[in-house]
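Chains A and B, in that order, are what the protein sequence lines are.
Residues in the first sequence are numbered consecutively from 2, following the numbering used here.
Residues in the second sequence are numbered consecutively from 186, following the numbering used here.
One should not assume that every hint holds.
Now the in silico label distances, taken between C-beta atoms and shown as ranges [what the hints assert, rightly or not]:
#1 A:238 - B:557: 46 to 52 Å
#2 B:211 - A:219: 55 to 61 Å
#3 B:192 - A:175: 30 to 36 Å
#4 B:474 - A:78: 20 to 26 Å
#5 A:141 - B:474: 24 to 30 Å
#6 A:145 - B:557: 28 to 34 Å
In the DSS-like style, the derived pairs of lysine-lysine whose C-alpha atoms are separated by at most 30 Å in a straight line are [claimed, not checked]:
#7 B:560 - B:197
#8 A:88 - B:197
#9 B:560 - A:88
#10 A:88 - A:127
#11 A:77 - B:560
#12 B:203 - A:127
#13 A:127 - B:197
#14 A:88 - A:77
Counterexamples of contact, computed for chain A against chain B with all Cβ distances above 12 Å [stated by the list, open to error]:
#15 4
#16 34
#17 64
#18 147
#19 149
#20 177
#21 179
#22 180
#23 186
#24 187
#25 193
#26 195
#27 224
#28 232
#29 234
#30 235
Worth flagging that the hints you see were computed from the coordinates, not collected in a lab.
Every residue, glycine too, gets a C-beta built ideally from N, C-alpha and C.
Chain by chain, the residues:
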Amino acid sequence: MAIALEAKHVVKEYMVDGSTLTAVGDVSLQIAAGEFVALVGPSGSGKTTLLAMLAGLLAPTSGQIAIAGRELSAMKEAERTRFRREKIGFTFQANNLVPYLNVQENVELMLQLNRNTSAAGRARAKDLLARLGLGQRLHNLPGQLSGGQQQRVAIARSLIHDPAIVLADEPTASLDTERAFQVVETFAELIHEEGRAGVMVTHDLRMCTHVDRVIHMTDGVIDRIYTSRHDILALAQGEAIHEVPVS
Amino acid sequence: MRSNLPLFLGFKEIWRNKARFALVIGVVTLITVLVLFIAALSEGLGAGNREYIATLDAELLVYQEAADLTIGASQMPANLTRSLRRVEGVAAVGPVGFSTGSVVRVGEPLDVALIGVQPGQPGVPPVREGVTFSRPNAREAIIDANVAEQAGFKLGDLITVRSVQGEDENSYQVRVVGIAPSRKYGIQPSIMLPADTWERVRAKPAIADVQGAPAFNVAAVRLSDPQQREAVAARIAGRVKDVVAVDLKTAYENTPGYTAQQSTLSTQSGFTLLIGLLVIGGFFQIQAIQKIAQIGMLKAIGASNRTVAAAFIFQVVIITTIGVLVGALAAFGLSLALPSVVPVQFEPAQVLTAVLLLLAIGPIGGAVAVRSLLKVEPLTALGLTS
Ligand SMILES: Nc1ncnc2c1ncn2[C@@H]1O[C@H](COP(=O)(O)OP(=O)(O)OP(=O)(O)O)[C@@H](O)[C@H]1O
Ligand SMILES: [Mg+2]
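Same shape as in the complex, but just chain A (with noise of 0.2 Å):
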């Protein structure tokens, strides 16, 4: 499979009252395409700050990343602005959506930034809706939906536009587990069915059951990492949940 993401000595260190915190502390990883990694840990472990680095949207004090052959750091500002929206992804915690656009304008608007409203992205804009079960919810604003809708909203899009990887920082934090299962369940199928890279960052290792890989961290550098089926249904049922203070 090809990599679609791969980070290479990964460091991000903040000067906090003169002395250094060191967020994320050497990492190193490779994605490939097809695949869905789960990012786990305590709060504070640097999950985040790992995943804004992976999204070019925060600078690393040292090391490379580069996705789908290209390295961020070699790209200027408004050349990686350019990346983001043609090859990344994005499903956030929160305010996910534009308010004043409906759920179709909201998921072709990564068409429009990308000057491609074709009318067959526009079908392919339903149908992924569709897929989702926001079929009849093409018109509605974001207002008018629960908020397991609109993580639905936010996977279409960060699908739409045919990314190389889809990034998700803690996409189900804000849903009940029953629906944060079914959101998890279809984007994991969407991913693996269209060959995409995705990494997403969850608090909540029951989130687990449907990604190929779990990588776990801790005081900012990866501790663990589970790769067969057994140890990550393991982990997911509750048989290591212990070992990560909930927060």
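Dock chain B with the ligands against chain A, hints included.
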């Protein structure tokens, strides 16, 4: 086709938040009405004070020096006309006297300015209808368009002019021979009378108080060469004792209260514009602050600063343009509905300046907000700061 993303975003936001944006448009509209009205009132009042003097068929106005450019205080002996006429460069001299009275009409009497002028000399306004005066003692009057309209007088009417003389109010009958364009003086419509008739009709302390007393207030001086204003004014001051000659602009700016009134009104206009600027600026700034999370998200998914700023500026322009246009129409409509005694007068150049200034307050007020939008980091979408 929805290829222009900033326009699309800017428009959708307005469209889906109609009430909120209508409110701001309403504020812009009210500010526009207020600014235009103050300007029109200022123009109307200003014109009401200066009109007669500003439109004189003369280049200089000569005052008694001691009067300090106050027309009411200036007294000019009749023989002064001759001395002025002898000054080199002077083509004609017309003594002008100002007084007040009223005319009898159906209903209330109408207060008017009574202006005494010398037939054939500067000071007599051109007539729009009818003829000019025949001789100084003719019982004739030229009324200005305002008197004609407000009193309903027509050419050939015999009208009754009343003035306070001593302890009495006396009535005089004169015939309307001409109607002049608007020639307000002291914010009153005016009636021009030939010199001798005016002397009899004008308000005075006592009816007998006429023998040899100085009658006129100022002299309107027409020059052979209008370009020579300053030179001739200096020459007059040198040759004729105890007088001072000034141009017409200086003259009307020194009518009582004129400058104070105009500067008060333009200060008010300025403050209204300033308030408008602050209100609009404040609104957009609050908007921008409320949108920080959303803007961070848009930038994170790949919207450029240009797109974000353009969408916002588009909104600002749309809102101010609609507000100013509606406001201008409302001001115009309102001015038509007002009774004609309210001295509002729209001067095209002034309206244009005000409208352009008003259109500018949106972008100026929004500039601060645009800066805050540009400063939003895409990182905020992940709840982080750099
Ligand atoms: N701008 C910053 N300045 C200083 N320290 C920072 C900054 N941003 C993050 N940190 C620190 O870096 C560490 C990692 O933060 P991060 O948000 O990545 O953790 P996280 O794993 O996402 O936590 P959570 O599960 O609570 O979201 C924390 O100790 C945090 O305080
Ligand atoms: Mg986090």
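The hints, checked one at a time:
1. A:238 - B:557: 46 to 52 Å: holds, 47 Å
2. B:211 - A:219: 55 to 61 Å: holds, 57 Å
3. B:192 - A:175: 30 to 36 Å: holds, 32 Å
4. B:474 - A:78: 20 to 26 Å: At roughly 24 Å between Cβ atoms, residue 78 of chain A and residue 474 of chain B fall inside 20 to 26 Å, so the hint holds.
5. A:141 - B:474: 24 to 30 Å: Cβ of residue 141 of chain A to Cβ of residue 474 of chain B: about 27 Å, so the range 24 to 30 Å holds.
6. A:145 - B:557: 28 to 34 Å: holds, 29 Å
7. B:560 - B:197: Roughly 23 Å between the alpha carbons, so the hint for residue 560 of chain B and residue 197 of chain B holds.
8. A:88 - B:197: holds, 26 Å
9. B:560 - A:88: holds, 24 Å
10. A:88 - A:127: holds, 21 Å
11. A:77 - B:560: This hinted pair holds, its Cα atoms lying about 17 Å apart.
12. B:203 - A:127: Cα-Cα ~27 Å, so holds.
13. A:127 - B:197: holds, 20 Å
14. A:88 - A:77: Holds: residue 88 of chain A and residue 77 of chain A sit about 16 Å apart, inside 30 Å.
15. 4: Per Cβ check, residue 4 of chain A is outside 12 Å of chain B; nearest 22 Å; holds.
16. 34: holds, 20 Å
17. 64: Residue 64 of chain A clear of chain B: closest Cβ-Cβ about 17 Å, beyond 12 Å.
18. 147: It holds; residue 147 of chain A is separated from chain B by about 19 Å at its closest Cβ, greater than 12 Å.
19. 149: Check passes; 18 Å lies beyond 12 Å.
20. 177: Holds, since 21 Å exceeds 12 Å.
21. 179: holds, 25 Å
22. 180: holds, 21 Å
23. 186: Non-interface label stands for residue 186 of chain A: nearest chain B Cβ at 24 Å, farther than 12 Å.
24. 187: holds, 20 Å
25. 193: At about 23 Å from chain B, residue 193 of chain A clears the 12 Å cut-off, so the statement holds.
26. 195: With a cut-off of 12 Å, residue 195 of chain A remains clear of chain B, as the shortest Cβ separation is near 18 Å.
27. 224: Residue 224 of chain A is indeed farther than 12 Å from all Cβ atoms of chain B, at 22 Å.
28. 232: Fine: 28 Å to the nearest Cβ keeps residue 232 of chain A off the interface.
29. 234: Given a closest Cβ separation of 29 Å, the condition holds.
30. 235: Check passes; 30 Å lies beyond 12 Å.
When the structure is compared with the earlier hints, no violation turns up for any of them.
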